[in-house]
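Novice: This note's numbering applies: residue 639 is where the sequence shown begins, and numbers increase by one.
The hints are simulated quantities; they were obtained by calculation from the structure and are not laboratory data. All C-beta atoms in this analysis are idealised placements derived from N, C-alpha and C, irrespective of residue type, glycine included. Any given hint could turn out to be false.
Stated by the list, open to error - Simulated DEER-style distance windows between Cβ atoms:
(1) ILE758 to VAL713: 17 to 23 Å
(2) ILE720 to ASN787: 23 to 29 Å
(3) THR798 to THR769: 19 to 25 Å
What the hints assert, rightly or not - Computed list of lysine to any residue pairs in SDA-like fashion (alpha-carbon distance at most 25 Å, straight line):
(4) LYS772 to VAL814
(5) LYS709 to ASN694
(6) LYS772 to PRO800
(7) LYS709 to PRO800
(8) LYS709 to THR769
(9) LYS772 to PRO783
(10) LYS772 to SER677
(11) LYS709 to LYS772
(12) LYS772 to LEU689
(13) LYS772 to ASN794
(14) LYS772 to GLU700
(15) LYS709 to ASN794
(16) LYS772 to CYS752
(17) LYS772 to ARG680
(18) LYS709 to VAL814
(19) LYS709 to PRO783
(20) LYS772 to GLU762
(21) LYS709 to THR699
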Amino acid sequence: CSPQTILRRNTMSTTWSDNTNYDGESYFEESSETENAESLSRYVAFISNGLTYVINASCVTEIITNHSIRKLPMVPSYIPGIINLRGQIIPIVDVRRRMGNYYPSDESSKRQNCIIVINIHAMEIGIIVDTVTKTLDISEAAIAPMPPNNRQELVNGIQTTPDGETVLFFDHEMLVNTL
639 CSPQTILRRN TMSTTWSDNT NYDGESYFEE SSETENAESL SRYVAFISNG
689 LTYVINASCV TEIITNHSIR KLPMVPSYIP GIINLRGQII PIVDVRRRMG
739 NYYPSDESSK RQNCIIVINI HAMEIGIIVD TVTKTLDISE AAIAPMPPNN
789 RQELVNGIQT TPDGETVLFF DHEMLVNTL
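Start from the sequences, fold in the hints, and give me the full structure.
Specialist: Quick look at the structure:
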């Protein structure tokens, strides 16, 4: 999937139909089809450390791969550095390391960067994930809260999709608040 396909943010589809009126003149009519636009939200699914997470697509700016990261001195290990994206400096957070998981030594040297650039309160941050997989339309009412004894950081909900896959809802607000 291309980033353009993944980030199609509109849940309404607009169709134009060619109609003919009683005078034989052709005109175009716009019709909108809404699939529970109030209750469904679009999420971008990604994998980190073997777990599937989702993040609301409305805060995703773009998805980039293999972008060089400039290292910074004296920052936590989960902040590998910054990137210059079309003149804008964006700090990068490695989600796996931020959650206390580390890469096996043989994997870290050959892995490619997959960065999801997110916008939270007018602040752009990039998060490194293993891979971006798909988009999902999820009902807000179907999101279950995390169990009280949950030790998973940066997660604020859980849901099992119709195909049986369990997804964790990535708490991007908490990510910004803990930086």
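Novice: So which of those numbered hints doesn't the model satisfy?
Specialist: When the structure is compared with the hints, numbers 2, 5, 7, 11, 15, 19 turn out to be violated.
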